[in-house]
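All chains should be built: construct the whole structure from the sequences, respecting the hints.
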Amino acid sequence: MLKKALLVTTLLLPSFANADENKVSAGVGFQYGGALGVKYAVNTGDNSRLFAAIGLIGGAVGYEYALSEKNAISFALGSEMIVSEKGFVMLEYNHYFQGRDNTGWRVGGGIGITREDQGGAYGAYGETDTKGNVSVNIGYQF
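Under mature numbering (1 follows the signal peptide of the UniProt record, and there is no 0), residues -19 to -1, 1 to 123 are what the sequence shown spells out, in order.
To be clear, the hints were calculated from the coordinates, so they are not data collected in a lab.
There could be a bad hint or two in this list.
Claimed, not checked - As a list, the in silico DSBU-like pairs of lysine-lysine whose alpha-carbon atoms are at most 35 Å apart:
no., residue 1, residue 2
1, 51, 67
2, 112, 67
3, 112, 51
4, 112, 4
5, 67, 4
6, 51, 4
Take a look at the structure:
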């Protein structure tokens, strides 16, 4: 289900955005799909963006709202293979050092819920564990 949502979002986002409204970034954290990923964001208003990300170990979709030129909050949901095989929902704060619409570094942190299979690397062997999680993310926006 998540793979279909990521594919549809990734295909539809470019169709309603101009090139200068698109933002591509690379980084680590849940909103980048886990360990290392690429995030594609489209402005949907003066202060808001939709994004889709695909990483080495997962993917995410979400929404970001700017509190100021350098600060934003975001909501991300997705799945990755280390701590949230069954999905995650995160509320995150992001700080853009050069401003939200400019090239540069950004860092953030958040809180949320992850759902993880109880099992080994070769499969699930039990129940799904749902727990709270704290996240840190860092990325570079091009």
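Exercise for review: If any of the earlier hints don't hold here, list their numbers in rising order.
Suggested key: none
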